[in-house]
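S.K.: In order, the protein sequences belong to chains A and B. Note that the first sequence covers residues 1 to 118 in this note's numbering. Note that the second sequence covers residues 1 to 183 in this note's numbering.
Worth flagging that the hints you see were computed from the coordinates, not collected in a lab. Please note that the accuracy of each hint is not assured.
To be verified - Which residues of chain A face chain B? A partial, calculated answer using Cβ under 10 Å:
1) Asn22
2) Gly31
3) Ala32
4) Thr58
5) Trp78
6) Gly93
7) Gly106
What the hints assert, rightly or not - FRET-style restraints, in silico, Cβ to Cβ:
8) Asp48/B <-> Gly49/A: 52 to 58 Å
9) Asp94/B <-> Arg94/A: 56 to 62 Å
10) Val108/A <-> Ala49/B: 38 to 44 Å
Claimed, not checked - Derived coverage of chain B by chain A (criterion: at least 3 residues anywhere in the stretch with Cβ under 8 Å from a Cβ of chain A; other residues may be distant):
11) 130-138
12) 144-151
Every residue gets a Cβ at the ideal spot worked out from N, C-alpha and C, and that includes glycine.
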Amino acid sequence: MAGTTTDGEATRDTVPDSMLSNGAALAALLGAAIGAFALGLIVLLNEAGAFSVPAIYTPSGGVSGRTTLGVVIWLIAWLILHNRWKGREIQTGRVQRMSLALIVLGIVCTFPPVWGLL
Amino acid sequence: MDNLLFSDRSIWTMIHGIVLGGGALLGLAAALFSLGTIHVTDAADTADATAQNQARYLGWLLGFVAVALWLTVLMGTYVNFPAYRANPPAGLADLAHYPKALVQSSPRTMWLHSFAMETKEQMPWIAAILATGMAFVSTRHRSRLLHDASLRRFSMFLLATCFALVAVVSLLGIFINKVAPLE
Numbered sequence: 001m002a003g004t005t006t007d008g009e010a011t012r013d014t015v016p017d018s019m020l021s022n023g024a025a026l027a028a029l030l031g032a033a034i035g036a037f038a039l040g041l042i043v044l045l046n047e048a049g050a051f052s053v054p055a056i057y058t059p060s061g062g063v064s065g066r067t068t069l070g071v072v073i074w075l076i077a078w079l080i081l082h083n084r085w086k087g088r089e090i091q092t093g094r095v096q097r098m099s100l101a102l103i104v105l106g107i108v109c110t111f112p113p114v115w116g117l118l
Numbered sequence: 001m002d003n004l005l006f007s008d009r010s011i012w013t014m015i016h017g018i019v020l021g022g023g024a025l026l027g028l029a030a031a032l033f034s035l036g037t038i039h040v041t042d043a044a045d046t047a048d049a050t051a052q053n054q055a056r057y058l059g060w061l062l063g064f065v066a067v068a069l070w071l072t073v074l075m076g077t078y079v080n081f082p083a084y085r086a087n088p089p090a091g092l093a094d095l096a097h098y099p100k101a102l103v104q105s106s107p108r109t110m111w112l113h114s115f116a117m118e119t120k121e122q123m124p125w126i127a128a129i130l131a132t133g134m135a136f137v138s139t140r141h142r143s144r145l146l147h148d149a150s151l152r153r154f155s156m157f158l159l160a161t162c163f164a165l166v167a168v169v170s171l172l173g174i175f176i177n178k179v180a181p182l183e
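Kindly generate the complete structure, drawing on both the sequences and the hints.
M.R.: See below:
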């Protein structure tokens, strides 16, 4: 396969038929994992008093700002990963392990009993 | 609307929890079953055509789940939550129309806000984000999902995570609504 490069993190082969490559699919899943982690981190930092996102809808309070920022980070991460990985074959193992870790951390950070440990 | 069986706020709560949240939960269960039972062959035969067909329906189903979850979290955050957290006038004895104040008024029910509602505020957004990623993969990369066992296994994990998150927050919502319904 001509033009194959390895960056140590993911093996990238240029695949002409984007339907055959897994890059865009993994970009969507890793992007979602980054979004989950970002939301969790924002919540945790808010609870720790280290970072506060202003409310974008006052009747809902701070949750409106925190979730909106999390969604924006998710969409940006997805867009960047999609543009970098679409049409490419990406090594799945490391991406999946990273996604798993980010999702678990994101969920743990939004779990109220964890805030009590801060 | 006072003379009707349900108030406006109660109807919005039912749309949020039963119609949208419940619909998403059912959709996630169906999607998990569908993805787990897809039988893929290497040959372009009838069995593969059947799997392709099943995968197409799975894509539509996950599209529905993602839309339902986004509507659930948006409605929960911007319609139901403001009514839940509204502050009662000073000195008001009957807190029935102020659910947050009502559950915080007793040590026995205080956890319904500090644990249940605090969990419900943000955790479901993670489910909506993950479901959207899965909906994208199952609609735009259906063939890859069918023939890549590793991607299929990871997708199963993501769907199971979504299902668990939605199930937990739904249960917490039922607890809150049982003690302090939006009426």
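S.K.: Any CB of chain B closer than 10 Å to the CB of glycine 31/A?
M.R.: holds (7 Å)
S.K.: Should the interface hint for alanine 32/A be scored as holding, given a Cβ-Cβ cut-off of 10 Å against chain B?
M.R.: holds (3 Å)
S.K.: Does asparagine 22/A meet its interface restraint, that is, does its C-beta lie within less than 10 Å of any C-beta in chain B?
M.R.: For asparagine 22/A, the interface hint holds, since the closest Cβ of chain B sits about 6 Å away, which is under 10 Å.
S.K.: Examine the region 130-138 of chain B: at least three residues should have C-beta closer than 8 Å to a C-beta of chain A.
M.R.: holds (count 6)
S.K.: Go through the hint on threonine 58/A and say holds or violated, using the shortest Cβ distance to chain B against 10 Å.
M.R.: holds (9 Å)
S.K.: Test coverage of the region 144-151 of chain B by chain A using CB-CB distances below 8 Å; three residues minimum.
M.R.: Answer holds; 5 residues pass the 8 Å Cβ test.
S.K.: Any CB of chain B closer than 10 Å to the CB of glycine 106/A?
M.R.: holds (6 Å)
S.K.: Holds or violated: the hint that glycine 93/A contacts chain B, with Cβ atoms closer than 10 Å.
M.R.: holds (8 Å)
S.K.: For the pair aspartate 48/B and glycine 49/A, does the Cβ-Cβ distance stay inside 52 to 58 Å?
M.R.: At 56 Å between Cβs, range holds.
S.K.: Given the hint of 56 to 62 Å, check if aspartate 94/B and arginine 94/A actually sit that far apart at their C-beta atoms.
M.R.: Since aspartate 94/B and arginine 94/A have Cβ atoms about 58 Å apart, the given range 56 to 62 Å holds.
S.K.: Given a hinted range of 38 to 44 Å, is it respected by the beta-carbon distance of valine 108/A and alanine 49/B?
M.R.: Since the Cβ atoms of valine 108/A and alanine 49/B sit about 43 Å apart, the hinted range of 38 to 44 Å holds.
S.K.: With a cut-off of 10 Å on the beta carbons, see whether tryptophan 78/A makes it to chain B.
M.R.: holds (8 Å)
Of the numbered hints given earlier, the model fails none.
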